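J.: Sequences listed follow chains W and A, in order.
Count the first sequence with the working numbering and you get residues 139 to 484, in order.
Count the second sequence with the working numbering and you get residues 139 to 484, in order.
Check the hints yourself; a few may be wrong.
Copies of the same chain look alike in the list, so a pair counts if it works inside one copy or between any two.
[Claimed, not checked] Here are the simulated lysine-lysine pairs, DSSO-like style, with alpha carbons at most 27 Å apart:
1) 162 <-> 263
2) 350 <-> 162
3) 367 <-> 301
4) 350 <-> 325
Hints are computed from structural coordinates only; laboratory data are not their basis.
Small disclaimer: the values here were computed from a predicted structure and weren't measured.
There are 2 protein chains.
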Amino acid sequence: MEQSQRTEINTLGEFGLIERLAQKVTHYHPETVKGIADDAAVMAIGDQWLVTSTDFLLEGVHFDLTYMPLKHLGYKAVAVNISDIAAMNAVPKQITVSIALSNRFSLEAVEELYEGIRFACQNYKVDLVGGDTTSSRTGLVISITALGLTNAQEITYRSTAQKGDILCCTGDLGAAYLGLQVLEREKQTYLANPNMQPELTGKDYLVGRQLKPEARMDIIYELQTMGLKPTAMIDISDGLASEVLHLCKQSQLGAVVYEDKLPIEQVAYDTAINDFNIVPTVCALNGGEDYELLFTIRQEDYEKIKLHADITTVGYMTEKEKGAKLATRGESLVPLEAQGWNHFST
Amino acid sequence: MEQSQRTEINTLGEFGLIERLAQKVTHYHPETVKGIADDAAVMAIGDQWLVTSTDFLLEGVHFDLTYMPLKHLGYKAVAVNISDIAAMNAVPKQITVSIALSNRFSLEAVEELYEGIRFACQNYKVDLVGGDTTSSRTGLVISITALGLTNAQEITYRSTAQKGDILCCTGDLGAAYLGLQVLEREKQTYLANPNMQPELTGKDYLVGRQLKPEARMDIIYELQTMGLKPTAMIDISDGLASEVLHLCKQSQLGAVVYEDKLPIEQVAYDTAINDFNIVPTVCALNGGEDYELLFTIRQEDYEKIKLHADITTVGYMTEKEKGAKLATRGESLVPLEAQGWNHFST
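Given the sequences, and given the hints that come with them, work out the whole structure.
T.: Right, dumping it as structure tokens:
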């Protein structure tokens with residue numbers, strides 16, 4: 139009888155699945171301040187709050203070793219987890235790294251991967267404290283859990299933005315996605331003719347954003363130094379649109395994002411149009427893997443960031459009823475839609 | 139040039155690989171009390187100590203869905219992690235569960251898996267607080283991280299046993315391994331003739347030990363109640379021999395384990411001999427997946443546990459130079475050897 143119904147996962151998508159599974163969860167401990175529904179879980183341990191985030195990276199789904207050097211992969215695997223800790227306004231302390239390997243990987247290959255992992259640990263000052271190591275029947279699988287500390291005063295959630303707050307984002311958007319398109323294109327060229335050299339001239343920035351993203355801990359420390367606590371924060375891993383929608387949903391607000399404010403590098407803009415015939419705005423809104431921070435600040439804090447070279451104000455929060463909107467260059471308001479990275483749809 | 143050398147992972151094995159990778163690790167935080175080298179990592183957060191353990195479970199490597207119901211798999215995945223928390227003498231608080239699924243899994247299948255996960259969370263009183271969900275090109279992959287709390291006084295390591303301490307183990311050994319042999323045998327019979335019904339009569343205990351192991355949190359709470367703190371502790375996941383060797387290595391001691399003291403259930407004993415022609419001692423020493431606890435106590439604490447129905451004294455710790463030995467029924471001393479579960483050797 140139980141087997142009589144079959145619902146495909148891709149009818150729900152990743153967020154739908156998580157929401158469905160989270161519904162039935164019970165918490166037993168008063169220490170659990172936050173479970174599923176933010177960038178990290180939260181446990182109150184005395185007056186320090188522990189934040190925990192975990193990510194899965196599977197070969198063939200999240201990375202392609204044809205163009206992803208193992209050292210970069212190790213670095214990136216750590217960075218994307220630290221990015222979640224940053225989004226909680228916490229300081230990373232420890233990570234565990236589990237890997238499953240098929241026997242096509244040699245010890246030298248594993249050491250290259252760990253060189254990248256250790257380099258990231260050094261950069262973000264985080265201690266590699268454990269993990270699990272096993273064999274895999276197929277490709278490489280990496281699972282990383284990052285632990286960070288903050289406290290009740292400093293922690294930032296997705297759910298605490300207020301109407302009128304200014305939406306800020308760090309860095310620039312869409313370049314990592316375009317870097318992936320460039321790498322995929324060169325891979326196809328190479329597969330068609332293995333004597334062809336990859337043509338990456340002028341695309342270094344894009345390729346670098348894809349292969350070696352950085353978690354924006356620098357911004358977290360800067361905001362702390364200037365005494366500016368965001369009212370809400372999330373990291374941009376699935377594209378700005380998806381993250382704005384998360385902030386809106388959890389804070390029960392709407393938002394307006396201005397198309398002409400989106401921070402897009404010139405090379406990203408040009409490559410989107412000339413190489414791939416994509417609208418640059420779409421890359422910025424739905425590209426994914428930027429690992430920048432999206433946060434909201436109170437209007438009275440605007441002065442503190444308005445001259446910051448690496449923070450852009452992209453919009454503001456409105457009431458829920460107004461929904462999440464993109465104010466286009468053509469001065470019309472269109473619904474902001476998340477494309478996200480639905481791995482289940484492929 | 140870097141590619142010129144190729145060392146196969148299986149020349150090192152899992153422990154060798156971990157040791158090799160751990161060598162180069164640097165810690166940056168004074169909060170990190172313990173990294174790689176115990177059942178869990180340790181972070182001091184004020185006067186509470188956080189312990190973190192993580193495990194990978196891969197279809198085709200760690201489990202076979204032909205005979206492992208998804209609900210049991212979910213339960214077991216949690217239990218084996220809680221077992222590591224127990225081995226640190228800590229109380230489990232939170233877990234994160236990441237799953238990678240191929241599209242052969244329906245929503246109903248995932249919900250069955252999570253039913254088992256939630257049931258284990260309820261039994262062990264642990265909060266499911268997050269995870270990651272993604273697609274997989276092949277089988278099911280589960281990665282669980284468990285977080286527990288203890289303190290500087292209560293925590294137990296592998297490295298703190300003393301010469302003369304008594305080696306104790308909980309429950310019985312070898313049954314989970316024999317349960318796996320029974321299930322594998324019935325699978326082969328079924329594959330040869332799908333009309334055959336599996337013959338599990340009288341093997342319920344063995345199969346149950348394989349499919350639904352329990353973490354021994356009950357023993358942890360009991361020891362705390364009786365005011366008995368083990369001098370060292372480890373969970374028995376790779377077979378008693380492997381764990382005794384870990385205690386010896388980390389505590390820089392030797393040990394004697396008495397063959398005739400090994401706790402083996404009658405049905406395990408009989409099945410080993412009659413069904414599989416294996417020496418029962420080998421199942422107890424090298425079987426794996428018992429998820430019992432192995433711990434050492436001071437001799438003066440012996441009175442406290444000597445009548446305990448579920449704790450067996452199996453030997454004692456000696457000086458390092460004497461090595462780890464098995465005192466056989468034939469009254470000879472032979473080196474204790476770990477067979478373990480070297481997934482890389484297959």
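J.: Hints the structure violates: just list their numbers, smallest first.
T.: none
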